[in-house]
Amino acid sequence: MPSGFDQEQAAREALLAALKIAGLTEAELVCVIATGAGQAAVSFASGTVTEVSAAARGAIQLFPQARTVIDVGAEEGRAVKIDETGKVVDFVINEKCAAGTGSFVEGMSRALGVTLEEMGTLSLQGEKTVPMNAQCAVFAESEVVSLIHARISKADIAKSIHAAMAGRISAMVRRVGMQKEVAMIGGVAYNKGFVQAMENELEVKMLLHEEYHEYISALGAALIAAEKAGVN
Amino acid sequence: MSEEKELWRWKEYNWRNPAIDWKDAAVITAGVDVGSVSSQAVIMCDGELYAYASMRTAADSPGSALKAIDWAMEDTGLTLDDIHFTVGTGYGRVNIPFADHAITEIACHARGAGFIYGSTVRTVLDMGGQDCKAMRIDEKGKVISFIMNDKCAAGTGRGLEVFANLLGVSIEEVGELSLQVEEEPEPVSSTCVVFAKTEAVGLLRSGWSKEKVLAAYCSAMARRVASLLERIGVVDDFAITGGIAKNVGVVSRLEKVLGVKALKPKLDTQLAGAIGAALLGRALAKKISH
Chain V
0 MPSGFDQEQA
10 AREALLAALK
20 IAGLTEAELV
30 CVIATGAGQA
40 AVSFASGTVT
50 EVSAAARGAI
60 QLFPQARTVI
70 DVGAEEGRAV
80 KIDETGKVVD
90 FVINEKCAAG
100 TGSFVEGMSR
110 ALGVTLEEMG
120 TLSLQGEKTV
130 PMNAQCAVFA
140 ESEVVSLIHA
150 RISKADIAKS
160 IHAAMAGRIS
170 AMVRRVGMQK
180 EVAMIGGVAY
190 NKGFVQAMEN
200 ELEVKMLLHE
210 EYHEYISALG
220 AALIAAEKAG
230 VN
Chain C
0 MSEEKELWRW
10 KEYNWRNPAI
20 DWKDAAVITA
30 GVDVGSVSSQ
40 AVIMCDGELY
50 AYASMRTAAD
60 SPGSALKAID
70 WAMEDTGLTL
80 DDIHFTVGTG
90 YGRVNIPFAD
100 HAITEIACHA
110 RGAGFIYGST
120 VRTVLDMGGQ
130 DCKAMRIDEK
140 GKVISFIMND
150 KCAAGTGRGL
160 EVFANLLGVS
170 IEEVGELSLQ
180 VEEEPEPVSS
190 TCVVFAKTEA
200 VGLLRSGWSK
210 EKVLAAYCSA
220 MARRVASLLE
230 RIGVVDDFAI
240 TGGIAKNVGV
250 VSRLEKVLGV
260 KALKPKLDTQ
270 LAGAIGAALL
280 GRALAKKISH
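Those protein sequences? They're chains V and C, same order as listed. If you read the first sequence in numbering that gives the first Met the number 0, its first letter stands for residue 0, the second for the next number, and so on. If you read the second sequence in numbering that gives the first Met the number 0, its first letter stands for residue 0, the second for the next number, and so on.
Hints are computed from structural coordinates only; laboratory data are not their basis. Backbone N, C-alpha and C define an ideal beta-carbon position, used for all residues, glycine too. Warning: the hint list may mix true and false statements.
Unchecked claim - Label-pair distances were calculated between CB atoms; the ranges are:
| no. | chain 1 | residue 1 | chain 2 | residue 2 | range |
| --- | --- | --- | --- | --- | --- |
| 1 | C | Ser205 | V | Gly229 | 36 to 42 Å |
| 2 | V | Ala21 | C | Glu185 | 38 to 44 Å |
| 3 | C | Thr119 | V | Glu94 | 39 to 45 Å |
| 4 | V | Glu83 | C | Glu185 | 43 to 49 Å |
| 5 | V | Asp89 | C | Ser188 | 22 to 28 Å |
| 6 | V | Asp82 | C | Asp59 | 53 to 59 Å |
| 7 | V | Arg173 | C | Asp59 | 35 to 41 Å |
| 8 | C | Val259 | V | Glu83 | 54 to 60 Å |
| 9 | V | Glu83 | C | Ser251 | 55 to 61 Å |
| 10 | V | Glu7 | C | Ser188 | 18 to 24 Å |
| 11 | C | Gly206 | V | Leu15 | 22 to 28 Å |
As the list claims (entries may be wrong) - Examples of chain C residues lying across from chain V (beta carbon under 10 Å, computed):
| no. | residue |
| --- | --- |
| 12 | Ala58 |
| 13 | Ala152 |
| 14 | Cys191 |
Stated by the list, open to error - Some chain C residues flagged as far from chain V (calculated, every beta-carbon gap over 12 Å):
| no. | residue |
| --- | --- |
| 15 | Met54 |
| 16 | Leu79 |
| 17 | Glu172 |
| 18 | Glu182 |
| 19 | Glu183 |
| 20 | Ser251 |
Please put together the full structure from these sequences, using the hints given.
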C-alpha cells in the first residue's frame, strides 16, 4: 500500500493486513524487522536492517544464482553486489536525486498524459529513441513537452525516457562491477519498458520475479528476522 | 494541461521610452534572449534603452523570439529592417532566424548587469529558469570566470515554480509570503525538487503553514546558490540578474548566508541578458560599419 505521510500507521496497516491473510495475530510474531526509507518510524519493530541488506537477502532467496541485485523504487535506485550467501559485497545508491527512480517515470507519464501503468507497454511499441538531454526530473518534464511539440510519437518518447533512466541506473551497476546473474527488484520492475531498456543497456537478461517485485526487500527483512530469532 | 491554473505567470509586458525617437538614432540594435522559461527582446538606440518586451517562452524558439521583438516594436513604427544589428542569446539563441549573431548568455548577463547596476559590479549571480550561474566580471562587464549549474532544478526558477504550483501561490508572491513567518524554519532537507515536493507535502500535513513551507524552501535555495557563489568567491559589488532576483525571500536569505548585500536593481532583472545582447550588438555593428 502507499506509505502516505504517517509511516508508522502505514506500516501497522500493512502488517495487520498481512496477518489477516495469514490467519495470525500480532502476539504470535516472534521478531519484526523493519527496513526502507521509513524504517525508523516503525516503533513496533524489534530491529531494523538497511535497504541494501534486505534487498540482498530477499533476492538471494528467490534467485540463488544472482550476484548483482538492481533495486529501483519510488525515490531510490541501488545496485548491490552480493556473494552466494546473499551477503553484501559492495553497493551504490542514488538517494539525492530523482533521476532514474520511480518518481522520475511518474513525472514523465504525467507530462506524456498517460498513466504510469501504460508507460511500459507504450515504450515497447516505440521504434526508436531520441536523445534526452535533461537528467533532472523537473527539466526532463519540460523536455518531454518539447518532444511532443516536435511531433515525436508518445511511444518513442516513452522508449527514450526508459533508455535515459536505464543509462543512469546502469552506470551505478557498472560502478559496483556487474556480475551475472543480475536480478531486478523493486516497484519499477513492473515497468516492462524499463526492464527492456536495462537489458539492452547491460546486454544481460534480468532475473525477475513473476510479480511482487516491491515485496522482495520486505521478504529479506522477514528472513533476517527469522535468523535473528533463531528460526530455521 | 490547459485547464491547470498557470501560477507561474508573472507579468508579461512591454515598455517604450517616450523620450526617444528612433528616427534620430544613428545605430539601432536589438537583443533577444530566448530562455528556457521566459523570452525578452530589447531595442536600444545609440546604447540607450528604447523599448522592450518580456514574455513566457512558447514551444519553439524562433516563434518566441519573433513574438517578443514584435511586441517590443509595437506602436513604434519600427520594423525588423530598421534595426541595424540583432544579437540572440539564451537557451534558444542559435534558433533565432532574424538575429545577425549569437552570444552566450554568460557574456550577455555580465554586460547587462553592468548596465542595470553600474560599473562597480564584480560578482554577478544569474538565477534563471533552468540554470544558475555565478560570474566574476571586470569594470567593463567582461567575464573573468564563471561556474554554473544547469543539470539540476534545485536552485532554479523552474524548481521554484514547481513549489509555487504545489502551494497554489503565484510565483510573484512567493518571496513576500516566505517572509511572513515568526521564526525562520529549518531549510527543506531534500536537494532534488521532486523529493523536496514530497517533503513539503509532509510538512503541510504536519500542520506547517504555506508561508513556513515557502520560507523553508527559499532558505534551502539560498544555501544551495550560496555554495555555488562561494566556489567562485564573492567580491563587492554583488548583483543578481534573472527572474529570481525579484524574489525577496530568496535574495534576503542569500544576503544573510553570504553576509553580503546585493545591489538594488534599477530595472527589471529579467532583462539583463537581452540588454547585454543589444549592447554587445552595438559594438559589433560599429566594428562592421568601420
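Going down the list of hints, with the structure as the test:
{"no.": "1", "hint": "C:Ser205 - V:Gly229: 36 to 42 Å", "result": "40 Å, holds"}
{"no.": "2", "hint": "V:Ala21 - C:Glu185: 38 to 44 Å", "result": "41 Å, holds"}
{"no.": "3", "hint": "C:Thr119 - V:Glu94: 39 to 45 Å", "result": "43 Å, holds"}
{"no.": "4", "hint": "V:Glu83 - C:Glu185: 43 to 49 Å", "result": "45 Å, holds"}
{"no.": "5", "hint": "V:Asp89 - C:Ser188: 22 to 28 Å", "result": "27 Å, holds"}
{"no.": "6", "hint": "V:Asp82 - C:Asp59: 53 to 59 Å", "result": "54 Å, holds"}
{"no.": "7", "hint": "V:Arg173 - C:Asp59: 35 to 41 Å", "result": "37 Å, holds"}
{"no.": "8", "hint": "C:Val259 - V:Glu83: 54 to 60 Å", "result": "58 Å, holds"}
{"no.": "9", "hint": "V:Glu83 - C:Ser251: 55 to 61 Å", "result": "58 Å, holds"}
{"no.": "10", "hint": "V:Glu7 - C:Ser188: 18 to 24 Å", "result": "20 Å, holds"}
{"no.": "11", "hint": "C:Gly206 - V:Leu15: 22 to 28 Å", "result": "27 Å, holds"}
{"no.": "12", "hint": "Ala58", "result": "4 Å, holds"}
{"no.": "13", "hint": "Ala152", "result": "3 Å, holds"}
{"no.": "14", "hint": "Cys191", "result": "5 Å, holds"}
{"no.": "15", "hint": "Met54", "result": "17 Å, holds"}
{"no.": "16", "hint": "Leu79", "result": "25 Å, holds"}
{"no.": "17", "hint": "Glu172", "result": "21 Å, holds"}
{"no.": "18", "hint": "Glu182", "result": "23 Å, holds"}
{"no.": "19", "hint": "Glu183", "result": "24 Å, holds"}
{"no.": "20", "hint": "Ser251", "result": "24 Å, holds"}
When held up to the earlier numbered hints, the structure conflicts with none and fits them all.
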